[in-house]
Amino acid sequence: MAIRIKDLVTKEKAMRQGHRMCPGCGAPTAVQQALLAVEQPVVITAATGCLEVSTTIYPFNAWGVPFLHSAFENAGASVSGIEAAYVALKKKGKVTEDIKFVAFGGDGGTYDIGLQALSGAAERGHDFTYICYNNQGYMNTGAQRSSATPKGANTSTAPAGKVIPGKIQKPKDLTAIMAAHHIPYVAQTTIHNPMEVIEKVKRAIETPGPAFVNILTPCVLFWRLEPSLQREICKLAVETRIWPVYEVIDGQWKLGYKPRKRVPVEEFFKPQGRFRHLFKGEAGQSIIEAFQKDVDEGWEYVLRMCGETWEPQA
Amino acid sequence: MSRKDITSGNWAVAEAMRQINPDVVAAYPITPSTDIPMRFSEFVADGLVDTNLVTVESEHSAISACLAASVSGARVMTASSANGVALMHEIFPIAASYRAPIVFGLVNRSLGAPINIHCDHSDSMAERESGWIHIYCEDGQEVYDTMIMGVRIAEHKDVLLPIFVCQDGFITSHCFEPVEFMDDDEVQAFIGERDPLFPLLDIDNPVAYGSLALTDYYFEIKRQQVEAMKHVERVYKEVAQEFAKKTGRDYPVVDTYKTDDADHIIVIMSSAAGAAKDTVDSLREKGHKVGCMRIRLFRPFPAAAIVDALKGARSIAVLDRAASLGAPAPLFTEIKGALYDAGIHIPTNTYVYGLGGRDFFPHNAEEAFMDLINNKMSPEERYLGLRE
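Protein chains in written order, with the numbering used here: chain A, 5 to 318; chain B, 43 to 430.
Careful, some of the hints might be misleading.
As the list claims (entries may be wrong) - In silico EDC-like pairs for lysine to aspartate or glutamate, Cα to Cα no more than 20 Å straight-line:
hint, chain 1, residue 1, chain 2, residue 2
1, A, 95, B, 303
2, A, 98, B, 244
3, A, 104, B, 244
4, A, 98, B, 235
5, A, 95, B, 88
6, A, 94, B, 200
7, A, 94, B, 302
8, A, 96, B, 244
9, A, 95, B, 401
10, A, 96, B, 200
11, A, 96, B, 92
12, A, 98, B, 92
13, A, 17, B, 244
14, A, 15, B, 246
To be verified - Here are some chain B residues pointing at chain A (derived, C-beta under 7 Å):
hint, residue
15, 87
16, 111
17, 239
18, 243
19, 257
20, 261
Unchecked claim - Residues of chain B clear of chain A, computed beta-carbon distances all greater than 12 Å:
hint, residue
21, 45
22, 46
23, 99
24, 155
25, 219
26, 252
In case anyone wonders, no lab produced these hints; they're calculated from the structure.
In this text, all values refer to a predicted model and were calculated from it rather than measured experimentally.
Backbone N, C-alpha and C fix where the C-beta goes; we use that ideal spot for every residue, glycine too.
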């Protein structure tokens, strides 16, 4: 049955008012959209990070559903443990409902310190959905670089200095790494269009077995972005092909969107203060060129995996 | 009808786990505790238990999954040693704070470096402030019995704390000795069903575990854990008493051997107590009034029971199987503190022995006793069985 926004807006939300995320932050948007179309009861676990600390400040709690956080690097193991308990207790009749399990982690907790636990959980085949809200850095602790941080970004541990122009490495392709686990469902998306996340996460959750969804979510504070531009910057990430949206369903790659025109990566950089230094001098220019080359290659890879071609308008 | 069999410390743990039939076991192999998940996985493969066995990719994930399963409402067990225990360290205080009654078969092994697979207590001693209950066992029988009692102690509503059941790596874990097993039904009747408080899977009454509590609440939450620890000794005694009635096997918080009239007492833990007790017998034959006290419950520290057993002695030797580099050895420190608080000043020697699995012989115990008998007292740390 088609999902209708009209039906969803009146639904009680899993995460409620009173959380302390920044105005304009992409994480709560992604969480709300992700859980909106899920019909079964859910239990949430989260890695340490902005989402976790901002939603559970004792004695308050923004979650209207069961929630567990224990540490930074173990959301994959936590969701495994919850699901394992559920399977065992359901078999004994001590739990009767059909429950779904969703883990949230930022890119620090997913690409970096939590990758092993996530990989293990995926390999073991627990029935869960892991959602990475990827804001491209350790934003909860003040914008340190992560392996998801884009090349050229000014971060607090890879700062734009007189000699080094911010982070010099390109980000890890975590979505492809998770696809290489050959789990039933993997998707990469962002919050430029609510139906994107709503539909993909619904599919992820309803798919038995492990599912992984990588959602690009702006950190307006450390991307140095005007908060009202949350949706626009995500749209630019897709249009510039920096962040292709696609699904991998039972090993079949499926491209979600082809931009009509070739939009240069600078368009994604311009609204964001973290890339401002790239527009001042030769070092920055060479980073932009290298970044564009990485993006073109990444896009070619996704097209190849999806069996697609791309002919942009001039 | 109970049955007697020849088994190892590790297999005794696995057999207790089979009879307990926990909901979830998440475990990762490490010497010398590997036999526990190996043996248990055979029980799973043969359909002898209902347990959901999660064969995780690291010890950190093992304890993380155990914690998540435990707060979900499941009865949860695991096992590990040394570096595995160290890798789990981050999660231990969190499990204690979430009041997750995990029962943990800890097979003691040195932490290194140099890398060494043999026994000392450096791994569990490093966790003594983690908020877990620590029980140290002398032999396979005690390990088996303590795993079963451990479920009741950990899950008691006045306690709700995770528990380490420690045994000496290789010495106990791999040594085959006669162990008397209870019937499966008896074990089930003794432990009962887990009745979890605030389980995560109760979707009609949602709870949040893992909140951020800062300067305004953190201290009060920690204070509640202190209070829970205070209940442990009482609950332990109730459970041990009930267990003794069923099995005839009695486990006081400290095990005293000929201490009543002893002038000189060795304080020790785990398997080395056997050699110390033998030495007590041989020295008593020579007319020396000596005794041995083995600490079984180490966290919470049963100071009153310890002082009671030691108060009549003229001198004491505390033997630690772990060094506290740069400070007095851990058990020695605790014993001195307990005596000081009781207003009792008894000269006490401190010895470190058995690091990295170095054997502990009766002649090592005799050396410590003879120092006491000959009044060679000093607060300086000494070493038994060390080449210097």
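Here is what the structure says about each hint:
no.: 1; hint: 95(A) with 303(B); in the structure: violated (57 Å)
no.: 2; hint: 98(A) with 244(B); in the structure: holds (10 Å)
no.: 3; hint: 104(A) with 244(B); in the structure: holds (13 Å)
no.: 4; hint: 98(A) with 235(B); in the structure: holds (11 Å)
no.: 5; hint: 95(A) with 88(B); in the structure: holds (17 Å)
no.: 6; hint: 94(A) with 200(B); in the structure: violated (27 Å)
no.: 7; hint: 94(A) with 302(B); in the structure: violated (53 Å)
no.: 8; hint: 96(A) with 244(B); in the structure: holds (15 Å)
no.: 9; hint: 95(A) with 401(B); in the structure: violated (47 Å)
no.: 10; hint: 96(A) with 200(B); in the structure: violated (26 Å)
no.: 11; hint: 96(A) with 92(B); in the structure: holds (9 Å)
no.: 12; hint: 98(A) with 92(B); in the structure: holds (13 Å)
no.: 13; hint: 17(A) with 244(B); in the structure: holds (18 Å)
no.: 14; hint: 15(A) with 246(B); in the structure: holds (17 Å)
no.: 15; hint: 87; in the structure: violated (16 Å)
no.: 16; hint: 111; in the structure: holds (4 Å)
no.: 17; hint: 239; in the structure: violated (14 Å)
no.: 18; hint: 243; in the structure: holds (5 Å)
no.: 19; hint: 257; in the structure: violated (11 Å)
no.: 20; hint: 261; in the structure: violated (12 Å)
no.: 21; hint: 45; in the structure: holds (27 Å)
no.: 22; hint: 46; in the structure: holds (31 Å)
no.: 23; hint: 99; in the structure: violated (3 Å)
no.: 24; hint: 155; in the structure: holds (23 Å)
no.: 25; hint: 219; in the structure: holds (33 Å)
no.: 26; hint: 252; in the structure: violated (3 Å)
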